[in-house]
Amino acid sequence: MNNPQTATATANLLAALSLDGKDGANDRQVNGSALELLMSELVNTLTRTTQETKRGSEMLAQSSGTKEELADAGALAGTPKRSTGARSSPMVSGWQEVPDDSELMEQVYVKLELIGFRIGRRLAERFAPPNRRLSDTLDIVKFVCKDIWMVMFNRQIDNLKTNHRGIYVLQDNKFKWFLHMSGNNGGAAAARRAQPYIWLPCGIIRGVLDSFGVNTVVIAETLGLPQCTFQIKVVSDA
Amino acid sequence: MSSTYYFAIVGTNDSPLYETELGVQRDESKYLNQFIVHAALDLVDDAQFMSTACYLKIVDRYNDWNVSAYVTPSNTRLMLLHEAKADDAIRLFFTDCHELYLKTLLNPFYEPNTLIQSQAFDTKVNVLAKKYLF
Numbered sequence: 021m022n023n024p025q026t027a028t029a030t031a032n033l034l035a036a037l038s039l040d041g042k043d044g045a046n047d048r049q050v051n052g053s054a055l056e057l058l059m060s061e062l063v064n065t066l067t068r069t070t071q072e073t074k075r076g077s078e079m080l081a082q083s084s085g086t087k088e089e090l091a092d093a094g095a096l097a098g099t100p101k102r103s104t105g106a107r108s109s110p111m112v113s114g115w116q117e118v119p120d121d122s123e124l125m126e127q128v129y130v131k132l133e134l135i136g137f138r139i140g141r142r143l144a145e146r147f148a149p150p151n152r153r154l155s156d157t158l159d160i161v162k163f164v165c166k167d168i169w170m171v172m173f174n175r176q177i178d179n180l181k182t183n184h185r186g187i188y189v190l191q192d193n194k195f196k197w198f199l200h201m202s203g204n205n206g207g208a209a210a211a212r213r214a215q216p217y218i219w220l221p222c223g224i225i226r227g228v229l230d231s232f233g234v235n236t237v238v239i240a241e242t243l244g245l246p247q248c249t250f251q252i253k254v255v256s257d258a
Numbered sequence: 615m616s617s618t619y620y621f622a623i624v625g626t627n628d629s630p631l632y633e634t635e636l637g638v639q640r641d642e643s644k645y646l647n648q649f650i651v652h653a654a655l656d657l658v659d660d661a662q663f664m665s666t667a668c669y670l671k672i673v674d675r676y677n678d679w680n681v682s683a684y685v686t687p688s689n690t691r692l693m694l695l696h697e698a699k700a701d702d703a704i705r706l707f708f709t710d711c712h713e714l715y716l717k718t719l720l721n722p723f724y725e726p727n728t729l730i731q732s733q734a735f736d737t738k739v740n741v742l743a744k745k746y747l748f
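Residue numbers (this note's numbering), protein chains in the order written: chain B, 21 to 258; chain R, 615 to 748.
Wrong hints could be hidden among the right ones.
[Claimed, not checked] Below, computed lysine-lysine pairings styled on DSBU-like, alpha-carbon distance capped at 35 Å:
#1 R/K744 - R/K671
#2 B/K166 - R/K738
#3 B/K196 - B/K162
#4 B/K194 - B/K162
#5 R/K717 - R/K744
#6 B/K253 - B/K196
#7 R/K671 - B/K166
#8 R/K671 - B/K162
#9 R/K644 - R/K717
#10 R/K671 - R/K644
#11 B/K196 - R/K717
#12 B/K166 - B/K131
#13 R/K717 - B/K162
#14 B/K131 - B/K74
#15 B/K196 - B/K131
#16 R/K644 - R/K738
#17 B/K253 - R/K717
#18 B/K162 - B/K131
#19 B/K131 - R/K717
#20 R/K717 - B/K194
#21 B/K166 - R/K717
#22 B/K196 - B/K181
Please keep in mind that the hints were generated in silico from the structure rather than gathered at the bench. The structure displayed is predicted, hence computed values, not measured ones.
Sequences and hints are given; from them, build the entire structure.
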C-alpha cells in the first residue's frame, strides 16, 4: 500500500465532505438544539397526523358519502376547519397524555421506525471508516456505539453488553433527547410518555446495521428518564 | 493501446446502478462489458474476505481486460474494466467516485439501490475520469 497516496486520498475525501475537522469558511453550521427540537416535534406531528388520518378514514367508512362530510374529512391536509360534532379537539400541537389507542401508536411506531431506518442506512455509508471495512458483527455494533452516537448526540453509549450469540444491549444513561424532558423524578408515567421518542433511534440503529448486512430487530425501553436501553437481536436468515 | 474504460456501480442485489463507457469505445465489446463485470462479481466477493481494505485491486482478467473493484462499507461495488494497469490512478478515481456516490446517497429523494439517473453525476464521473484515467 502506497502510504502517502492513501493518506492524500483520504484527506481529499474528508475535506470534500467537510469531515476533516477544519472549519472551512464555507461550512454552514446548525445549532444542535435545532435537531433536538425537530426530533421532538417530529413525534408529536406524526402522532397528530396519524390520528387525523385515522379519524378521517373512519369517517369516510361511516359516512353516507355526502360532499360536506367528505370535505370535512378532506381537512386531513391540515387546514383547520370549524369543529363539527364528530371532531373532538381542535388542532393543538401538544398533547397531555400518550393517546391510549394502541393501534394508532402502532402506526406511529411503524412510521418513525421506517424514517429512522432510512436515515440509518445513509448515516452508515456516510460515517463508516474510510479505508477499512467492518466484518465482525461486534465491530459493527461498536461502531454504532461510538461513531454513530457521537455524530448524533456528541457522546458515546455508556454500556454495551453482549451474550456473543446475537444479542447486544446498549445502555445510555443520559440520553440526550431525554435530558430536556421533565421526568417527575423518573416516574413510570413519564417513561411511558417518552416511549415514542426512542422509536426513531431504534430505526436508525436498525438502518445502520442493515447497511452492513446484519438483519436485526431493535427494541428500546426506558426505565426512568434520562436512561434508556436498546436491545439488538440479530435475526439470522434461516 | 487504446484507452477505453467501462465503469459500473453495482448495488447490493447485483444489479447495476450506474454504468458508463469512458474513452473511445469499440463497437463489438459493449454487451461484453456487462457480462465480464457480472462474472467478476463472484471474485469480488471472494476477495472481500481476504482483505479489509476497500480497494481490491485487480480481481479478474478476461483476455485483455482487467477488472478492478472497490467495495464500499455498505457493499456497493464500483467496478472498472480497463486494459492498462494503473493502480494508483485507479484507486484515486475510485475514492473520488465513492465520494460522489456518498453525495448521491445524502439526497433524501434518492432511494439506495436504485438507478442513479442524475445528469450531474454523469458529468462529474466523466470529469473524474478525464482527471485520473486519461
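Comparing the hints with the structure gives:
1. R/K744 - R/K671: holds, 20 Å
2. B/K166 - R/K738: Holds, at roughly 33 Å.
3. B/K196 - B/K162: holds, 19 Å
4. B/K194 - B/K162: Measuring from Cα to Cα gives roughly 18 Å; hence the hint holds.
5. R/K717 - R/K744: holds, 20 Å
6. B/K253 - B/K196: The given pair, whose Cα atoms are some 24 Å apart, holds under the 35 Å limit.
7. R/K671 - B/K166: holds, 30 Å
8. R/K671 - B/K162: holds, 28 Å
9. R/K644 - R/K717: holds, 28 Å
10. R/K671 - R/K644: holds, 23 Å
11. B/K196 - R/K717: holds, 28 Å
12. B/K166 - B/K131: Holds. B/K166 to B/K131 sits at ~26 Å (cutoff 35 Å).
13. R/K717 - B/K162: Distance ~25 Å between R/K717 and B/K162 Cα, so the pair holds.
14. B/K131 - B/K74: holds, 14 Å
15. B/K196 - B/K131: holds, 22 Å
16. R/K644 - R/K738: Answer holds: R/K644 to R/K738 is near 22 Å, not above 35 Å.
17. B/K253 - R/K717: holds, 31 Å
18. B/K162 - B/K131: Measuring from Cα to Cα gives roughly 26 Å; hence the hint holds.
19. B/K131 - R/K717: This hinted pair holds, its Cα atoms lying about 25 Å apart.
20. R/K717 - B/K194: holds, 32 Å
21. B/K166 - R/K717: Roughly 23 Å between the alpha carbons, so the hint for B/K166 and R/K717 holds.
22. B/K196 - B/K181: holds, 20 Å
Hint check: no violations occur; every hint is consistent with the structure.
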